[in-house]
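**Student:** Let the hints inform the model, and build the full structure from the sequences given.
Residues per chain are reported as follows:
Protein chains: 2
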Amino acid sequence: MTAHSSPAASARPGRRPGTNTTRQAVLAAARARFAADGFTGTTIRRVAADAGVDASLVMQFFRSKNELFAAVMSVPADALEHFSGAFEGPDDGLGERVARAFLDVWEGDTRTSEPLMAMLRGAIVNDQANEQLREFIQERFVAAVTSRDADADADDAMLRAGIVSSMLVGLVVGRGVVGVPTLAKAEREKLIMLVGPAVQSVLVPTP
Amino acid sequence: MTAHSSPAASARPGRRPGTNTTRQAVLAAARARFAADGFTGTTIRRVAADAGVDASLVMQFFRSKNELFAAVMSVPADALEHFSGAFEGPDDGLGERVARAFLDVWEGDTRTSEPLMAMLRGAIVNDQANEQLREFIQERFVAAVTSRDADADADDAMLRAGIVSSMLVGLVVGRGVVGVPTLAKAEREKLIMLVGPAVQSVLVPTP
Chain A
1 MTAHSSPAAS
11 ARPGRRPGTN
21 TTRQAVLAAA
31 RARFAADGFT
41 GTTIRRVAAD
51 AGVDASLVMQ
61 FFRSKNELFA
71 AVMSVPADAL
81 EHFSGAFEGP
91 DDGLGERVAR
101 AFLDVWEGDT
111 RTSEPLMAML
121 RGAIVNDQAN
131 EQLREFIQER
141 FVAAVTSRDA
151 DADADDAMLR
161 AGIVSSMLVG
171 LVVGRGVVGV
181 PTLAKAEREK
191 LIMLVGPAVQ
201 SVLVPTP
Chain B
208 MTAHSSPAAS
218 ARPGRRPGTN
228 TTRQAVLAAA
238 RARFAADGFT
248 GTTIRRVAAD
258 AGVDASLVMQ
268 FFRSKNELFA
278 AVMSVPADAL
288 EHFSGAFEGP
298 DDGLGERVAR
308 AFLDVWEGDT
318 RTSEPLMAML
328 RGAIVNDQAN
338 EQLREFIQER
348 FVAAVTSRDA
358 DADADDAMLR
368 AGIVSSMLVG
378 LVVGRGVVGV
388 PTLAKAEREK
398 LIMLVGPAVQ
408 SVLVPTP
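Line order of the protein sequences matches chains A and B.
Position 110, counted from 1, in the first sequence is what our numbering calls 110; the numbers after and before it change by one each time, with no gaps.
Here our numbering runs 207 ahead of the position in the second sequence, where the first position is 1.
Take the hints with a grain of salt, since some may be wrong.
Unchecked claim - Beyond 10 Å from chain B on every Cβ pair, some chain A residues (computed):
hint, residue
1, Gln24
2, Leu27
3, Thr40
4, Thr43
5, Gly52
6, Leu57
7, Glu67
8, Ala70
9, Asp104
10, Thr110
11, Asp153
12, Arg160
13, Arg188
14, Lys190
What the hints assert, rightly or not - Calculated cross-link-like contacts (lysine to any residue; reagent style SDA-like; alpha-carbon spacing at most 20 Å):
hint, chain 1, residue 1, chain 2, residue 2
15, A, Lys185, B, Glu338
16, A, Lys185, B, Asn337
17, A, Lys65, B, Gly248
18, B, Lys397, A, Pro205
19, A, Lys190, A, Pro205
20, B, Lys392, A, Lys185
21, B, Lys392, A, Asn130
22, A, Lys185, B, Asp363
23, B, Lys397, A, Ala154
24, A, Lys190, B, Ala361
25, B, Lys272, A, Thr40
26, A, Lys185, B, Gly292
27, A, Lys190, B, Pro412
To be verified - To be clear about the criterion: a stretch of chain B counts as covered by chain A if any three or more of its residues have a C-beta under 8 Å from a C-beta of chain A, and this derived list gives those stretches:
hint, stretch
28, 367-373
29, 376-386
30, 391-404
No lab work stands behind these hints, which were simulated from the structure alone.
Just so it is clear, CB atoms sit at the ideal spot from N, CA and C, and this is done for glycine as well.
**Tutor:** Below you can see the structure in the form of structure tokens.
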């Protein structure tokens, strides 16, 4: 992408109208494909076919599979807000709120869940996705916890937050990626009921 | 491998002595390489170089990367015994014993931990590894729990076991594969102290 505003861009010779719409269609197709098939399993050719455009156009927009992946694999802002919201409020019920927010975001609206799932599926084979997931767990989630209680031992609070987020990612992966039958078929409310107290026990130190 | 005993095999014309040793060296190299670089990142050529043999010899033994992977990626019997052992004994301290057994097996002796790590790293991109991990969580771990208490609601006990194993896998992945700094640098005993009560709260229903 250049710094040109879009009217200037569309005035360039040879530039067809609808470039931005096409780009969005490619991004949407890539998001769905990376979320379903992972980084390795996704090809530029397949994304192009899903979006109904030529593969050369995808290359023109994004240059490589890596850059296309980077463009789709961002943690959506409303997902972050949803997490932060769960950490507000009293200690009582914190574990349940966090477990619920996690499942909401990861298994809800595809616009939010697909970039997250793409990140997860990519994290083991793609360095960018790995870094993104590491940063997501370390920075974002941990920040939400430490901002809760300024007096707490910061290292201890970060470790507790890191444990909870990696365990909840494990649950989402077991359910949605690995597809462990007993987890995949469980009702979300039942999961929250069982996982909430576990999350609570890690996040809220007993005096 | 054929059903021939090894003296018969070594008597075959053209068969060099030391075939079995070479095969073991290739397996050891493959185990370490798949554990460190994952299924996608590992090449036959690289495994052959690590083992100090020609790539054609690796192909002669295992025919494909998939078959080589299948040969190294089994859950070791002593790992399974270690898990079963953790489930024996009183409810009191069960969560801590299970968390400890999990970290022991996954982060201990490379002979045990490498096949498990190879399975984890492969599970998102390789169907065999995915199936193996799914079966490991669903069958092995769940079996250990349900055998504990024959009177328990079997579906409920399986769900609890599935949650715990996916959460502990998440912790191991966050620490060892994704490399979340706060998890990677934590002492094992500190982790067990924080995770034990969470595991306990999922496994042992409060009346």
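**Student:** The structure should be examined with respect to each hint, and the outcome stated for every one.
**Tutor:** Here is what the structure says about each hint:
no., hint, in the structure
1, Gln24, "27 Å, holds"
2, Leu27, "22 Å, holds"
3, Thr40, "5 Å, violated"
4, Thr43, "14 Å, holds"
5, Gly52, "27 Å, holds"
6, Leu57, "27 Å, holds"
7, Glu67, "19 Å, holds"
8, Ala70, "17 Å, holds"
9, Asp104, "17 Å, holds"
10, Thr110, "19 Å, holds"
11, Asp153, "12 Å, holds"
12, Arg160, "6 Å, violated"
13, Arg188, "12 Å, holds"
14, Lys190, "7 Å, violated"
15, Lys185(A) x Glu338(B), "17 Å, holds"
16, Lys185(A) x Asn337(B), "18 Å, holds"
17, Lys65(A) x Gly248(B), "16 Å, holds"
18, Lys397(B) x Pro205(A), "13 Å, holds"
19, Lys190(A) x Pro205(A), "24 Å, violated"
20, Lys392(B) x Lys185(A), "35 Å, violated"
21, Lys392(B) x Asn130(A), "18 Å, holds"
22, Lys185(A) x Asp363(B), "12 Å, holds"
23, Lys397(B) x Ala154(A), "15 Å, holds"
24, Lys190(A) x Ala361(B), "15 Å, holds"
25, Lys272(B) x Thr40(A), "16 Å, holds"
26, Lys185(A) x Gly292(B), "28 Å, violated"
27, Lys190(A) x Pro412(B), "13 Å, holds"
28, 367-373, "holds (count 6)"
29, 376-386, "holds (count 9)"
30, 391-404, "holds (count 6)"
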